Amino acid sequence: MSGWLSKRGGWLGVYAVVYLVFLYAPIFLLPTFAFNDSTVIAFPLQGFTTEWFSGLSGVPALTGAVKTSLLIAVTSALLATTLGLCAARAGVRYRFPGKGPIMGLIMVPLVLPEIIVGVSLLVVIVSILGLPLSSWTVILGHTLICTPFAVAILNASYQSLDTSLEEAAIDLGETPVSTFRLITLPLIMPGIIASLLISFTISLDEFIIAFFLTGAEPTLPVYIWSQLRFPQKLPIVMALGTILVAASIVMLTLAEIMRRRGLKKAGKKDTGGFL
Amino acid sequence: MKPLITLSGLHKSFGDVEVLKGIEAEIGEGEFFSLLGPSGCGKTTLLRIIAGFETPTSGVLSIDGRDMSTVPANKRPTNMVFQSYAVFPHLSVAQNVGFGLRRSELSKVEKAKKIEEALGMVGLAGLGGRAAHALSGGQRQRVALARALILEPKVLLLDEPLSALDKKLREQMQSELRRLQRQVGITFILVTHDQEEALIMSDRIAVMFDGQIAQLAPPQELYRRPVSRRVGDFIGVMNFLPAEARLEEGRDIAVEIAGLGRTVLEQEQCPAGFVNGRGAVGVRPESLSVLFDGEQARGEVAEGEVAEVIYYGDMTYYEIALPGAPERLTVSMKNRAGRPVLERGAAARLEWDASSLIYFPS
Ligand SMILES: Nc1ncnc2c1ncn2[C@@H]1O[C@H](COP(=O)(O)OP(=O)(O)O)[C@@H](O)[C@H]1O
Ligand SMILES: [Mg+2]
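Residue numbers (the numbering used here), protein chains in the order written: chain A, 1 to 275; chain B, 1001 to 1362.
Simulated from the structure, these hints should not be mistaken for laboratory data.
Heads up, a few of these hints could be off.
[Said to hold, decoys possible] DSBU-like mimics (lysine-lysine), calculated; alpha carbons at most 35 angstroms apart, straight line:
1. B:K1075 to B:K1113
2. A:K264 to B:K1167
3. B:K1114 to B:K1002
4. B:K1114 to A:K264
5. A:K99 to B:K1111
6. B:K1075 to A:K99
7. A:K67 to A:K233
8. A:K264 to B:K1111
9. A:K264 to B:K1108
10. A:K264 to B:K1168
11. B:K1075 to A:K264
12. A:K264 to B:K1113
It should be emphasised that the depicted structure is a prediction, and the values quoted were computed from it without experimental measurement.
Bound-form chain B, shown alone (with noise of 0.2 angstroms):
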């Protein structure tokens, strides 16, 4: 991966709120890359810093291997998909598009091409007449999105790009937000609070709580080896166990987990860090199971209770309470032809694998 984005100990202030604190990250060239954290985390800031609405309090943004604290903002290789799409309302679909053809060199008859290529490639071909104002939110987002690309910048900024629309068309727009960047191959930089929406669209993640990046890691990564419990809890759903871990000789780590009993983990499940003590064992639904009437066991089981039972259709989610946990345990189990659901109140043999455990030290 070629860099083409440097952050390097980016400080924000506003008066005295520290709103970036030290944000240090490479963007690579043609990378589709997520911020994402909770609302109020700094995202929105540190993409505006990019695109050269605010200046950072310290630190360096270089874009191309060219420092970016003397270049104003519309002099930039980067263009912006606003939060509010920012369609100028009083302009038609077609001059909102072109807008930034003005100070270009081309003749009207290529601008016009151009505008119809950005057009078609957002699947708004021939809507060039339309006024902006009477444009519904998907379309509005897709003349935003061709009104960016029409200039072929080096990056392209999203502001939550996907957050005013519907469930529907928000699915839609992700896979084809997907599409298009592979299809351009510019870089790409999302802002979402939406994990799903990362996983799914992403080269790679940053992961921002209160201005600084918790972790960076392609989606996988990020789902199976989260460098610490607030980042394995924001990404996906994961249950956490009281645990007591202690180095073995050799390699191996002892932990006393509440509820599951005795085991040993590797030190490639310890991605924080290991110390001796007291922490937390985490583990996602999907790598637990219930097991039905009859089945056998290939990992350790666990006796509990089913104290709730979600029914999704394809996937069922139980919550087991287990003696000695202190929390219930979500389990995920697909649907299959044959299989029962367990009722509330039934007792549930909890079927886990120690390799699936995540250790995270307190």
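Bound-form chain A, shown alone (with noise of 0.2 angstroms):
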């Protein structure tokens, strides 16, 4: 056995190796087939193309799909962060009665099967309040998996604020509103930056819950869903899968960064954060 593996921990480390490379190896797929030259998903690889990249721009249901899930994303993170902000406010600073249950409530769909808050939602919105689906009643299902995120990384903010520094502005002479404006919002903006970014990256590629709820216009998940019948678009799939993980990843990177950002303003030492 070499030096190496023995000091670090024996087999933990071809277990890591293993374990890593059974996570991550269907998402190389993706990019791999999306560059290939054929339209049969199938080793061994044909030659590099770009034309299922391009091919995406000529199908206009696909825009409008992307359309929507963007109007969908952008709409839940804001929500979510929204409430996610006062929650996560009225979690750290006030103490009120059943605050424990209810700080625990609010997390509940952290662990939730989608299916069930998919099904659950489509029962009330349709049964009993008699709306139509539309891209509403999807931001509304979002909005409802992205707040626990949004609490759990504002409250980490708002944790890592000083009390005395909302004090001392107070003090200063400002009124809790300017104060909130002056003081807290620069100094939680990371973390509200971050918020957005993960609700944003979530409602994006969520797909049971808009399968349930989505109107006329399926967001991108759904069509992609969709398209998988036709064998021959999947190559085109693959490729709008590649584009999708990477915006994800971009996205998840900038949280992370905006998160230990805002711990290094506050001049707090990193306790962990979400990634």
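Take the two lone chains and join them into the complex the hints point to.
Below, the structure written as structure tokens:
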């Protein structure tokens, strides 16, 4: 056995490598076939092409799905972050009866199966309220599942914010509202941006809830799913998937950079974040 | 002394816990006033009530003759230096110091001039452009001071401002704060748990235990005439010996002190009041002395043994065991040229004087 392997935990190293391969190999298959010059998704590879990427722009239904998804993701991210900001402030700064259970219930969608959320929202919206399905119903569902993430991120921002900073601003003559604008907001801004980015990413690639609640205009993941029936379109779907994965990685990296910058700005030590 | 702040019957409870139990005090204009007490006795809570961050459960606080119960924190003539300094990390030093001027009518140039003046006052001239999060602890504290003083408040509130600094810097800041207070002439209220700091800096000190003011007096009176055994023990070092006291004819009090014997005290030596019976006698280490060979006693003498010697360079502290005394007595002696330092275990002649004793009934 080589020296470094035994020194660093023996077969645990091998385990880690196998684990990572298992986790990420499928994701690497996406770009592999997205650039493969064949409509058949199979080895051996047939040569390099960007045909599938250029083919993306020629599909109007696809452009529509991208627009719908962006609209839903931006709106859900804004709503979830606003709600998360209020919940985090309440949770960290104030005491009120029933605080524990209330904060717990806000976080529950984090572990609730999405299919349950999707089906129950569908029942409530269609059968009980009698409303038509539209992008707004998807936004409702996505806000619900994004809010716990927003709360978790903004909780951390609020916790690392020294209460006496806000008190000092009041002491120097500011009102609670101007204190929030001048002191609180700038100091938790990295957390707000991180929350927006993560909520946006979650909403953008969420499938199950969107599938149940979408109206006439499908979101991008729902559109992709509908295209899987046509084998000749698979490479285009691969190209689309590649773009989505790349965009998600960029977003999450930005979110993490923002979170770390926030800690540094407040002069705090990193206690481990989401990523 | 013209009173500026009046605290009357202030109570504060958090839930079932009563943190302040009836605070009565008057704080004068231009006075350096300290709230001194062990951690958890309610000092910060009292300071925050004065600043307006906490509302008293009952009682009245008035500043400059005005009841503060309906005045919010941002409208009070007070400014605070927080224990954590609370320097805004996303602003520059100048923006921090000028923060309170945002709402003033002054022109940009006048504001900049005021900021530079305030920075100069705390020894940070020329550092206005620095980022606040890049400052050292001592510098951040100076920024917090300048930021609070620039608004020319009637009262400056300081919550343990020096406790995070190392010893050298702390001593330097103690004298600097005192100088600053004389220079600006406004009332300073300092919260501290460090009795030495309070003695050095204050005009008057309120010693607090368990949410009550145990004694409010100038430093010298506090040190010389503590009104309770607990105050005497908290301020400096005090030796206690069990004693039994009885009122003699006239005004004198006869006491029988364990280890020292019988003597007579005057009424002033009972600042806590007097009752016949058992109690304790307190005496400061510097009021006792050890006699060296050939030295003539001027006061009374008790024979004992040196149980411990602690050498400080300028001073030597002896612990003397006296027959009949349940505890050793600490004696501090100045080290002079030619004066020997006694060895542990040596016989010691302890000189004491009845006028330096304080009697506390139990
Ligand atoms: N907001 C609060 N809620 C509950 N208890 C508090 C609060 N603030 C202070 N206390 C309690 O009040 C007591 C006095 O606190 P404090 O005034 O900070 O003491 P000090 O400054 O003398 O150390 C402590 O026991 C503390 O736990
Ligand atoms: Mg305190």
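With the threshold set at 35 angstroms, check whether the alpha-carbon distance from B:K1075 to A:K99 stays at or below it. holds (32 angstroms)
Would the pair A:K264 and B:K1113 pass a check requiring their Cα atoms to be no farther apart than 35 angstroms? holds (31 angstroms)
Take the C-alpha atoms of A:K264 and B:K1167, compute the straight-line distance between them, and say whether it is at most 35 angstroms. holds (28 angstroms)
Restraint check for B:K1114 with B:K1002, where alpha carbons must lie at most 35 angstroms apart: holds (29 angstroms)
Is the Cα-Cα distance between B:K1114 and A:K264 35 angstroms or less? The given pair, whose Cα atoms are some 31 angstroms apart, holds under the 35 angstroms limit.
Can the restraint linking A:K99 and B:K1111 be considered satisfied, given a maximum Cα separation of 35 angstroms? Cα-Cα ~45 angstroms, so violated.
Checking one constraint from the list: CA of A:K264 to CA of B:K1168, max 35 angstroms. Satisfied? holds (29 angstroms)
Are the Cα atoms of B:K1075 and B:K1113 separated by 35 angstroms or less? holds (24 angstroms)
Straight-line Cα separation of A:K264 and B:K1108 no greater than 35 angstroms? The given pair, whose Cα atoms are some 31 angstroms apart, holds under the 35 angstroms limit.
Hey, A:K67 versus A:K233, does the alpha-carbon distance stay inside 35 angstroms? Answer holds: A:K67 to A:K233 is near 20 angstroms, not above 35 angstroms.
Mind checking the alpha carbons of B:K1075 and A:K264 for me, to see if they're no more than 35 angstroms apart? holds (33 angstroms)
For the pair supplied as a hint, A:K264 and B:K1111, confirm whether the alpha-carbon distance does not exceed 35 angstroms. With a Cα-Cα distance of about 30 angstroms, the restraint between A:K264 and B:K1111 holds, given a limit of 35 angstroms.
Hint 5 from the list above is the single one not met by this structure.
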